[in-house]
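Asks: What follows is the residue order along each chain.
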Amino acid sequence: MVDTATKNRIFGTPKSTFLNHVNTISSWMFTLDHKRIGIMYLVGVTLALFLAGVFALVLRTHLFTFDGEMLTNAQYNQMFTLHGAVMVFSFIIPSIPAALGNIVLPMMLGAKDVAFPRMNLMSFYLWIIGTGCLLAAILFGDGLDTGWTFYTPYSIETNTGVVWATFGAFVLGFSSIFTGLNFLVTINTMRAKGQTWFKLPLFLWSLYATSIIQVLATPVLGITLLLLIAEKTMHVGIFDPTYGGDPVLFQHFFWFYSHPAVYIMILPAMGVISELISVYSQKRIFGYSFIAFSSVAIALLGFLVWGHHMFTSGQSQVLTLIFSAITFTVAIPSAVKVFNWLATLYKGSILLNTPMCYALSFIFLFGIGGLTGLFLGALSVDIHLHDTYFVVAHFHFVMVGGTLTALLGGLFHWWPKIFGRMYNDFMGRAFCFLVFAGFNLTFFPQFVMGARGMPRRYATYDPEFLIFHQISTVGAFVLGVGILGAFLVLVYAAFKGPRCGANPFRAASLEWQTSSPPDFHNFIHQPVLNDPYDFDSLVYDEDLETYISREFADPEKVPPKKEPVHH
Amino acid sequence: MSDHHDDLPRFNHPVSTKLLFGVFFSLIGLTVLTVVTSALWKVSELPEAFAFPVAMIIATMKAFLVCAFFMHMWWDKGFNVLAFLSSGLFVALFIGLTLMDSSHYQENIDSFPRNNVKQPVIVPINDGGNVEET
Amino acid sequence: MGLAKTRQSPGLLLLLKLETDMATVDAHADDHHHDDHDHPPFIAHHFDDAEQQFDSGKLGIWLFLVTEVLFFSGLFVAYTLYRNHHPEIFQQAHVFLDKYLGGLNTIVLLFSSLTMALAVRSAQLGRNKNCGIYILITMVCASMFLGVKAVEYSHKWDMGIWVRSSWSSDADSLSYGHHEGQLGIAKSLGVSDRLIWLSAIPAVLLAGSLIASVIGFVTKKELFGKFMLAMSVMVGGYFLGAGVGQVYQNVKEGSGDSHEHASLQEQQPMQLLAMTQEDQDHADDDKKSDDADHSHDEEHSHGSEKAEYDKEHPDPETLDRDIGIFFSIYYCMTGLHAIHIIAGIIALAWIYWRCLAGHWRSDYFGPVDYVGLYWHLVDLIWIYLFPLLYLID
Chain A
0 MVDTATKNRI FGTPKSTFLN HVNTISSWMF TLDHKRIGIM YLVGVTLALF
50 LAGVFALVLR THLFTFDGEM LTNAQYNQMF TLHGAVMVFS FIIPSIPAAL
100 GNIVLPMMLG AKDVAFPRMN LMSFYLWIIG TGCLLAAILF GDGLDTGWTF
150 YTPYSIETNT GVVWATFGAF VLGFSSIFTG LNFLVTINTM RAKGQTWFKL
200 PLFLWSLYAT SIIQVLATPV LGITLLLLIA EKTMHVGIFD PTYGGDPVLF
250 QHFFWFYSHP AVYIMILPAM GVISELISVY SQKRIFGYSF IAFSSVAIAL
300 LGFLVWGHHM FTSGQSQVLT LIFSAITFTV AIPSAVKVFN WLATLYKGSI
350 LLNTPMCYAL SFIFLFGIGG LTGLFLGALS VDIHLHDTYF VVAHFHFVMV
400 GGTLTALLGG LFHWWPKIFG RMYNDFMGRA FCFLVFAGFN LTFFPQFVMG
450 ARGMPRRYAT YDPEFLIFHQ ISTVGAFVLG VGILGAFLVL VYAAFKGPRC
500 GANPFRAASL EWQTSSPPDF HNFIHQPVLN DPYDFDSLVY DEDLETYISR
550 EFADPEKVPP KKEPVHH
Chain H
0 MSDHHDDLPR FNHPVSTKLL FGVFFSLIGL TVLTVVTSAL WKVSELPEAF
50 AFPVAMIIAT MKAFLVCAFF MHMWWDKGFN VLAFLSSGLF VALFIGLTLM
100 DSSHYQENID SFPRNNVKQP VIVPINDGGN VEET
Chain Y
0 MGLAKTRQSP GLLLLLKLET DMATVDAHAD DHHHDDHDHP PFIAHHFDDA
50 EQQFDSGKLG IWLFLVTEVL FFSGLFVAYT LYRNHHPEIF QQAHVFLDKY
100 LGGLNTIVLL FSSLTMALAV RSAQLGRNKN CGIYILITMV CASMFLGVKA
150 VEYSHKWDMG IWVRSSWSSD ADSLSYGHHE GQLGIAKSLG VSDRLIWLSA
200 IPAVLLAGSL IASVIGFVTK KELFGKFMLA MSVMVGGYFL GAGVGQVYQN
250 VKEGSGDSHE HASLQEQQPM QLLAMTQEDQ DHADDDKKSD DADHSHDEEH
300 SHGSEKAEYD KEHPDPETLD RDIGIFFSIY YCMTGLHAIH IIAGIIALAW
350 IYWRCLAGHW RSDYFGPVDY VGLYWHLVDL IWIYLFPLLY LID
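Chains as they are written, first to last, in numbering that gives the first Met the number 0: chain A, 0 to 566; chain H, 0 to 133; chain Y, 0 to 392.
Just to be clear, a hint being listed does not mean it is correct.
Quick list of in silico lysine-lysine cross-link-like pairs, DSS-like style, CA-CA up to 27 Å [said to hold, decoys possible]:
{"id": "1", "chain 1": "A", "residue 1": "K192", "chain 2": "A", "residue 2": "K6"}
{"id": "2", "chain 1": "H", "residue 1": "K76", "chain 2": "A", "residue 2": "K198"}
{"id": "3", "chain 1": "Y", "residue 1": "K155", "chain 2": "H", "residue 2": "K41"}
{"id": "4", "chain 1": "A", "residue 1": "K192", "chain 2": "H", "residue 2": "K76"}
Treat the hints as calculated values from the structure; they're not laboratory data.
Between the sequences and the hints, there should be enough to build the whole structure, so can you do that?
Replies: Laid out in structure tokens, this is it:
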């Protein structure tokens, strides 16, 4: 028990926070504070999301009719390439780790900042430069029409801005490495005293696994893109068959990075969901160590399956079999997570607020996305489904249904912590429903038409597929409205929402043990290290109208601690 | 083998100069050895198939010396060593799986029509111009 | 194991360690470090102590080295693949690389690694002056390496050896030996134009750093003057390397020495020359070649020294059409390595500056250690590049 004045100073809404303690433009631009960098990243990736989202809507509008008169074929190619490249490199990869993770990670460790704050800021500026180069391909390089994968030999032949775009992706790769390296070191060396590996929140385990991939795989993307630039400008003959090069080698190079990168996109999302499911069920996460190790297992297995993108590229039979077999094993740790989340929900006191709605959508959508991945991993089926809309639907279920949903869920979960203000929960849920409905409307028909043979990346199509494409287009606009609405709810809350306390959701990880918004140095006191999933360690404080640790509360007013139940 | 200094913080392990020089001269010795062995396969009866593995083994021995003593890995934290060595594992994976695959379609690349670029040939310096004129 | 950190204390809960006097907190949000009394200035505000800062930096640099290894791995994959499928290209091409120049560079780099390790040791013992001397030697070796490399590159360019797609098309563009239009300075030094052009950058740097050094001493900025003087010594290393390499090159060509790579140069100096298909047809007609099949897909072309070459090398008839891939890989690997050397020199210069400022002490030497690790990695990569590129048989 501490005296009331101290308690109020720690948990009450502070006058000086990281948001306002110095508030000039340069104090934001050159800040080394991880929370401010995270917010700048968040603004950046959101803009990238809307830009690439507009590209997607243009594509869908074009596909509303089967003869596609809105865009020329070349414009169509450029549209889907830029949609993919901006979404993947500028939005999804940095979204959860660099934006949300940056804000939350040091606080979860009870640390003042990440290990290398200058590198963190550098990462953000590299992100800006890289995204700028990607967009420069549109302005100065006659667009880009290779698909986000830059496959040779077409990327060598085309006259569009491949060099701009690959250089942009190269720089974005370094931005991603810097974030990953920073997180690995921070989690290794800056944990609070007594915070052992198995007392880390699961979000940190997933960020750790993500960072392993970022550090190990992204450099390979770097050299791949450098060699592609060398090939395009000087014809060094490594990828170009007209000079004796091996174009399939490019695919090996590219997927050695880009398949693990798929897990860079989904693993942090899984971490967010682990937090949300547990907090909003008010129940200890089921199978903590299984979820933790499955993250690491996914990260490592992710390096062994890149060849499943190349089943129809002339890859050898033996290797195809090996890659197919290992691909199936990735399903095991993924399923471990899903079953553990479901088991956590069981008999929990479930609160169906906005973040939880996103978490439940995630489980549903990721389930479909993951299971259809098994169809594609099966050799014979993949020959039929390869490069059809089935593939498009599959990875959108994982990336949008998974990562974007989890990002939104995470934002709604941590928003009150970041800005100290509460959003309108009804509006949040309403737009969550629009996102969920719009998403399914967009992508479910794509499974059907893909299975019936509609190839991806085609500007026109057989009238047989008209109805599916039209449903999909309508769904895309619903999805667009849903995402826009969700962000409007958040932005409104950040400025005008009602004040909320330090811990409105009764969450037990360390970031909730400081005021909302947090102090510039995160904690003005030494946080009490407790189990991140022991919700009974928090009690409601009537003066502050929020949950605080038992250690801070008046022992006479709080209910006794429950004895842990052993099954 | 590191000097013992009681007054230094515990993360500070200076390596003795004797050891550093010893490592350096071993490295020079191995460099000479690898140059000598590379010529050995020409003059002796030994099968040339050994040339590449022997060169790689010597290079790896040198790499070990540099890593262990110059880079202080010998005294470093196990986690740092593990992190660095794991990179070798991933490189091996990358090389191994790619190599397994590429011989499958190598014929297609060999028979792929080449761009009409210049063909390298060896000519005497003073004849260089003549080739063009003829 | 590093997983279980030493700083952990047992027990689930740590007791509250509230600051007793928190009155200043609100007034100065910036100033509330917990342990101001034992927080020396070299420790960043977010670290608890020197050890945590050092451990973080060390793990960070090791992870950075991991990314470097994987960055280079792509080129090693390309190398392995092409060598595996086309060993004949590597057989034919490696003779254009001089293993003694490569060996010289290996020894230069190994020596720089030694001095780097000694510099780290000096920093660990807080001997800033010694550390500075060792780092200066390391930097001189680094630029000497680049000097030798410049001789190698310019020599190859003179022979018309570029990447796969761009062999020099005609003899006029080659600048082997004395020729018309040669730069006066190149002629008087007996070196190639291209070496002169390459050396222009270090020459400018040398002049600039000397001038800056003089300005520094005149304006009584001793530290700056000393630093720039050291930089000019460092750049001088480049000219030392280039000089040694060029002298070696001249001696070798003058004596037509008898090492195996000289088999191409037995009678008179030889060069690689690129020929179009038509050129080859002409050449073949002149030689009255009876081989009528000159399709592009055949690996046959006919150099004028075919017969002599065959005596030495019965196996390959002439150079493989894809021989340029070897040089593409060579330029990519050594070029990327050279970029890392340049980056290393910049990092070393930063460390050197801080040596002069006397920053290193037995509980704060991290940056020297980290730059040292990076420098050893650059050496490590060269240890593999040398046998892979120069010692093929």
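Asks: Give a verdict on every hint.
Replies: So, going through the hints one by one against the coordinates:
Between the alpha carbons of A:K192 and A:K6 the distance comes to roughly 22 Å, so the proposed pair stays at or under 27 Å and holds. Proposed proximity of H:K76 and A:K198 is supported: the alpha carbons are some 22 Å apart, at most 27 Å. This hinted pair checks out: Y:K155 and H:K41 have alpha carbons roughly 25 Å apart, not beyond 27 Å. Note on A:K192 and H:K76: the hinted pairing holds, with a Cα-Cα distance of about 20 Å set against a maximum of 27 Å.
Of the hints listed earlier, there is not a single one the structure fails to meet.
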